[in-house]
Amino acid sequence: MTCPTPEALSRAFSEGADLSAHLAGCDACRAAWSDYTRLRDAARQLPWSAGDAVTGEARLIEAALVERKAGRRARTLQTRAAIGLAIAASVAAFFLTSRSEPATSATERAPVATAATKRATVRDAQAARFAHVTRTAPGVAHDEVITLDEGTIALDVAKLEVGERFRVVTADAEVEVRGTSFEVVVDHDHLARVAVISGRVVVRPRGADEVVLGPGESWTPPVRPTGLASSERLFQQGWDALRAGDLATGETHLAALVAQDPHDALAEDARYWRAVIAQRAHRTDDARTLWRALLATHPGSARAPEASVMLGWLELERGDKETAARLFAKGATSPDAEIAASAKTGLERTSAKN
Amino acid sequence: MSARIIPLRAADAGPIELSDDALLAACGEGDATALSLLYRRHHGSIARFTCRLFGGRTAEVDDVVQQVFLTAWKDAERFRGQSSVRGWLFGITANLARRHQRSERRRDFAFWKLKLFTRTTTEPIDDDVVRRQLIGKVGVALEALPHDLRVAYVMCEIEEVAGIEAARILGVRPGTLWRRLHDARKRLRVALEERSTP
Chain A
334 MTCPTPEALS RAFSEGADLS AHLAGCDACR AAWSDYTRLR DAARQLPWSA GDAVTGEARL
394 IEAALVERKA GRRARTLQTR AAIGLAIAAS VAAFFLTSRS EPATSATERA PVATAATKRA
454 TVRDAQAARF AHVTRTAPGV AHDEVITLDE GTIALDVAKL EVGERFRVVT ADAEVEVRGT
514 SFEVVVDHDH LARVAVISGR VVVRPRGADE VVLGPGESWT PPVRPTGLAS SERLFQQGWD
574 ALRAGDLATG ETHLAALVAQ DPHDALAEDA RYWRAVIAQR AHRTDDARTL WRALLATHPG
634 SARAPEASVM LGWLELERGD KETAARLFAK GATSPDAEIA ASAKTGLERT SAKN
Chain B
577 MSARIIPLRA ADAGPIELSD DALLAACGEG DATALSLLYR RHHGSIARFT CRLFGGRTAE
637 VDDVVQQVFL TAWKDAERFR GQSSVRGWLF GITANLARRH QRSERRRDFA FWKLKLFTRT
697 TTEPIDDDVV RRQLIGKVGV ALEALPHDLR VAYVMCEIEE VAGIEAARIL GVRPGTLWRR
757 LHDARKRLRV ALEERSTP
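Chain order of the listed sequences is A and B. In this text, residue positions in the first sequence follow our numbering: the first is 334, and each later residue adds one. In this text, residue positions in the second sequence follow our numbering: the first is 577, and each later residue adds one.
Just chain A, same shape as in the assembly (with noise of 0.2 angstroms):
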C-alpha cells in the first residue's frame, strides 16, 4: 500500500476527496484524516460575534459619504441616477412606473415613479434615490425606515398603529411621521427640506433639536458652518488621542463634547468611551457615575446592554447584590455573545449566597 505525501493527504482532505478505501488499512493515513476533522470541526465552532451591524452600517455610510466628497471618486450623474433608479427599485422591492407630464408644483408634481411600502406610498418625483428597509426593534410593532440618499421623494403615511414607526433617514437627520403627507428633499447627502401638506412629523437634524411641523409648514436647515462641525472635529481629537495613547487629552476632547452638545448623536459615543477610560484607569467612582450618565441619558442604545453590564461588576464589587442583578439582567439581552456571558456569570454571583 502506497500513502500519498502529508501535502497530498491534506490536500486531499481539503478537497473533500474519497480516501476511505485506503484510510481503512493506514492508520497513520486514518489518525492524521481524524486529526485533521476533529481540528476543522473545533475551529468552526470558535466564537464570534458580527457586533452592532446598525451602528456599523451607518458609519460606514458615513465614512463613504466623506470619502466621496473628497473628491476622490469621479462619475457621471447620468450613470448615477440610472444605477440609483435600479438599486432602489430591486432592493426595496418596490414598482416603477414613469409618466412623461411636466411638473407643476411640489405637491401637484406628476411622479415619474411610484412605490409603496406596508404603511405608506412614496412619490419618487424627481429620480430620488432611496431604499427602504423594515426593521424590528424591541418594543415595536413595526419600524419601517425610508433611506434617502438624493433627490425629492413626497410621502403619504396611512395612520400607524400603536407600537409603530415611519421614518426617512438621511446622513444628517432623521424625520418621524404620525401619519401624514410629506416631502423630503435632500441635497448633496445633507437634508434641505421638509413640508408638510397634512398631520405632524418631527423632523430630528444631528446635533440640532428636534423640529415639529404641523399641516402646511416646512423646515429647512440653518447655514452650515465649512467644514467639520465641532462637535465632530472633538470626537476625531479625542479619538485620536486615545489611538495614540494618551489618555487624558482623548478623555479631555470627550467631556468637552459632551458638555457642549450633550445631545449631539456623537455624546453618546464621547459617554461610553469616558466610562470605558475611567473602568481602565481603575477610577472606579467615575467609572460607575460615567456608565450611569450613559444608561440614563441614552436608555436605548445600541451600547446600553454592555453598560449594564460594566455597571453591574462594579455594584457588584461594592456589594450592592440587588442592583447588580438587575443591571445584569439587563445585560443578559445583548445579541453580543461575550457581553451576554459576562451578564450571565454576573447573574450566577449575585445569586451566589457568599
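Just to be clear, a hint being listed does not mean it is correct.
As the list claims (entries may be wrong) - If you want the footprint, here are the derived chain A segments under chain B, 3+ residues with CB under 8 angstroms:
| no. | segment |
| --- | --- |
| 1 | 367-374 |
| 2 | 393-401 |
Said to hold, decoys possible - Among chain B residues calculated to face chain A with C-beta under 10 angstroms, some are:
| no. | residue |
| --- | --- |
| 3 | Ala608 |
| 4 | Ile622 |
| 5 | Ile668 |
| 6 | Asn671 |
| 7 | Leu672 |
| 8 | Leu710 |
| 9 | Gly712 |
| 10 | Lys713 |
| 11 | Val714 |
| 12 | Gly715 |
| 13 | Glu733 |
| 14 | Ile734 |
| 15 | Leu768 |
FYI, nobody ran anything at the bench for these hints, they're computed from the structure. Small disclaimer: the values here were computed from a predicted structure and weren't measured. By construction, the Cβ of each residue, glycine as well, lies at the ideal position given by its N, Cα and C atoms.
Assemble chain B onto chain A, guided by the hints.
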C-alpha cells in the same frame, strides 16, 4: 392634479436581488445604497473571518470590517472578477489584518474591552467540557500560527473557500496554498498534542 399610483406588483413582494458583482459595480460609480446592501450581505462573514484571524472578538474587529468595506468602496473599479466578490473581500481582510496586527500598541488598545471582561468565575463542569476545551485549544493554537498559515487555514477550512480560489485571492500559486494549509494543519496537530501532554 394628484399623483396616480399604479402598483405593478404586491407591496410585500420580495426584493429582486442584484448580484454581488452588480452591487460592486454600483459602488464603483459611487452609489452608497449599493455599498449598504453589500455590507448587509457580507458583513457577517467578514466579521467572522476577522474574528478568527484575531483570535476572538475585539474592538479592532469592527475597525477592520469597516475598513474592508471602505476599501471595497474605494477600489471597486479594481475588481476584475477573478474571484467571487466575497473572496475578494476576504483578500482585503487578510491584508488589513496583517497590517493591524503589526502594531502592538493598537492591538493593546483594541483589547481594552476584552480585558474588562476578564472577571469570570469557574465554569461549571458538564458533559460538554471536553468539546469546549478542544475548541479553546484550537483557538489558541490558531492564534499562534504565522499570519499566512492562519489566513490559509481560516479561509479554506472555516470559510470553505476552494483552494484554487483562495490561491487566486491571496495572489499565490496553488501549490503554495496547499503547502500553507498542510503546514498549518501540521502545526495545529503538534500544538494540540503538546497541550494534551501532562
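Here's how the hints hold up against the structure:
1. 367-374: holds (count 5)
2. 393-401: Result for this restraint: holds, n = 7.
3. Ala608: holds (5 angstroms)
4. Ile622: Because about 9 angstroms separates Ile622(B) from the closest Cβ in chain A, which is inside the 10 angstroms limit, the hint holds.
5. Ile668: violated (14 angstroms)
6. Asn671: violated (18 angstroms)
7. Leu672: Status violated, d = 14 angstroms.
8. Leu710: holds (5 angstroms)
9. Gly712: Holds. Min distance 9 angstroms.
10. Lys713: Where the cut-off is 10 angstroms and the nearest Cβ of chain A is about 8 angstroms from Lys713(B), the hint holds.
11. Val714: holds (4 angstroms)
12. Gly715: holds (5 angstroms)
13. Glu733: Result: holds, 5 angstroms to nearest chain A Cβ.
14. Ile734: holds (5 angstroms)
15. Leu768: holds (7 angstroms)
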